[in-house]
Amino acid sequence: MSDAETLDGMSTVEVRTSATAALIPTIRAVASDLAARADFDLDAISDLRMAVDEACATLVDAAEPTSVLQCRFLVRPERIRVHAEVEAAKADTVLSTDTFGWRVLQTLADEVEVLHEAATEGRRATVGIRLDKSAGDVPR
Amino acid sequence: MSEAVTPEPFGVGLPLDTQVSRPRAGSVLLEVDGEIDTLTAARLQAGLDEALDVARSEGSGVVVDLSGVTFLASSGLAVLIGGARRVAGFGARLRLVAASRAVTRPLQVTGADALFDTFDDVASALAAAALDVAPPPGVAPPSGEVGR
Chain A
1 MSDAETLDGM STVEVRTSAT AALIPTIRAV ASDLAARADF DLDAISDLRM AVDEACATLV
61 DAAEPTSVLQ CRFLVRPERI RVHAEVEAAK ADTVLSTDTF GWRVLQTLAD EVEVLHEAAT
121 EGRRATVGIR LDKSAGDVPR
Chain B
1 MSEAVTPEPF GVGLPLDTQV SRPRAGSVLL EVDGEIDTLT AARLQAGLDE ALDVARSEGS
61 GVVVDLSGVT FLASSGLAVL IGGARRVAGF GARLRLVAAS RAVTRPLQVT GADALFDTFD
121 DVASALAAAA LDVAPPPGVA PPSGEVGR
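Order-wise, the sequence lines are chains A and B. The numbering used here puts the first sequence at residues 1 to 140. The numbering used here puts the second sequence at residues 1 to 148.
Excised from the complex, chain B in its bound form:
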């Protein structure tokens, strides 16, 4: 006899999808789609942690693409601010792609926008992130570079 599963009708809130990829060498992209509120902020946190772990181990720049985000509550802002602090810890800036009012307005009204570099589209954010790339420890600088 199989046990019937009765899922909560609205169990985990509205969908929030996150995906980490490396669209080009030296940059890690976290794409986020959906509504970020108290229920879904944990999923943003998990995606951001994954992206930052990759970025840190590879010495890459990070871009968080919020183009698909249709709501951003303080719980989501807190996750992004925590990410900005962590990235600042390894000497970089967190880059956000924020085109819609649902994202730009919360950033602006709380003053959190000062903590991020914000871009209108993914391509320009990735181009900026690629400039972060530092040679991994122990690797010699490219030839032609003036040594000490």
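Isolated chain A (complex conformation):
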């Protein structure tokens, strides 16, 4: 994540947990709370909660067992950007995007992107997901 994203004066919330499915309910509860307090409409709150759950579940499956799951919420006017990341189980771990869960995630979020970062000295390879969700349905 670039400095520009963390230092732009918007509200940022970071949650770090063990990369285990048992803690995803906590993360999605944070997502839901932030969306509610950012005046998201009820459908958008529900969508963000589900999208964050989906993203975290995908990452936990690909994570190194002792990894941390790091989830950053960037709360901006009318939208929330979520950046979730884990240490990859293997150097060549790739997130599978041909699953039902991934299609659901694409439907729920306005934009979603997979991020892979190769290992560097002293740092394992990481896999991440970035998603954006706006506060309400864009008028068509």
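A hint or two may mislead.
[To be verified] Label-pair restraints from in silico Cβ distances:
hint, chain 1, residue 1, chain 2, residue 2, range
1, B, 15, A, 30, 19 to 27 Å
2, B, 49, A, 66, 33 to 41 Å
3, B, 85, A, 120, 40 to 48 Å
4, B, 111, A, 98, 15 to 23 Å
5, A, 136, B, 85, 30 to 38 Å
6, A, 37, B, 24, 39 to 47 Å
7, B, 124, A, 10, 32 to 40 Å
8, A, 39, B, 46, 38 to 46 Å
9, B, 93, A, 116, 37 to 45 Å
Think of the hints as simulated: they come from the structure by calculation, not from any bench. Model, not experiment: these values are computed from the prediction. Each residue gets a CB set at the ideal place from its N, CA and C atoms; glycine is no exception.
Start from chain A and add chain B according to the hints.
Okay, now just chain B, sitting in the frame of chain A:
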């Protein structure tokens, strides 16, 4: 010396309870309460399998009451969709009671709602399910029915 049991603090995820009952002749009801996600979807699967086995052996209609469900992830949707396919295999529709946004929104946004008959309350779902009831194989149709 007894061995101390140290349970995982969040071992099996949030609670998900399922219960199968026969509230009236000809219909099987699966009540589900809790959050359905990757950890608890297996419990939904087990409950649904039980309900569908009963329904199939008795020729009953099936209703899944999701009124008590407060979260539904794709892993849970996949279980429900699998159930709808299985029920379609014996010529019926899976009936869902889905009143809260936590359930209706995931069904709607994924388009999965087309696979189910959805009701606001259990009573109307059961009334519809009772219409599914087929006489078990080998049983004569009720008298008064016109034969072949």
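Tested hints:
no. : hint                        : result
1   : B/15 with A/30: 19 to 27 Å  : 20 Å, holds
2   : B/49 with A/66: 33 to 41 Å  : 35 Å, holds
3   : B/85 with A/120: 40 to 48 Å : 46 Å, holds
4   : B/111 with A/98: 15 to 23 Å : 18 Å, holds
5   : A/136 with B/85: 30 to 38 Å : 34 Å, holds
6   : A/37 with B/24: 39 to 47 Å  : 45 Å, holds
7   : B/124 with A/10: 32 to 40 Å : 47 Å, violated
8   : A/39 with B/46: 38 to 46 Å  : 40 Å, holds
9   : B/93 with A/116: 37 to 45 Å : 43 Å, holds
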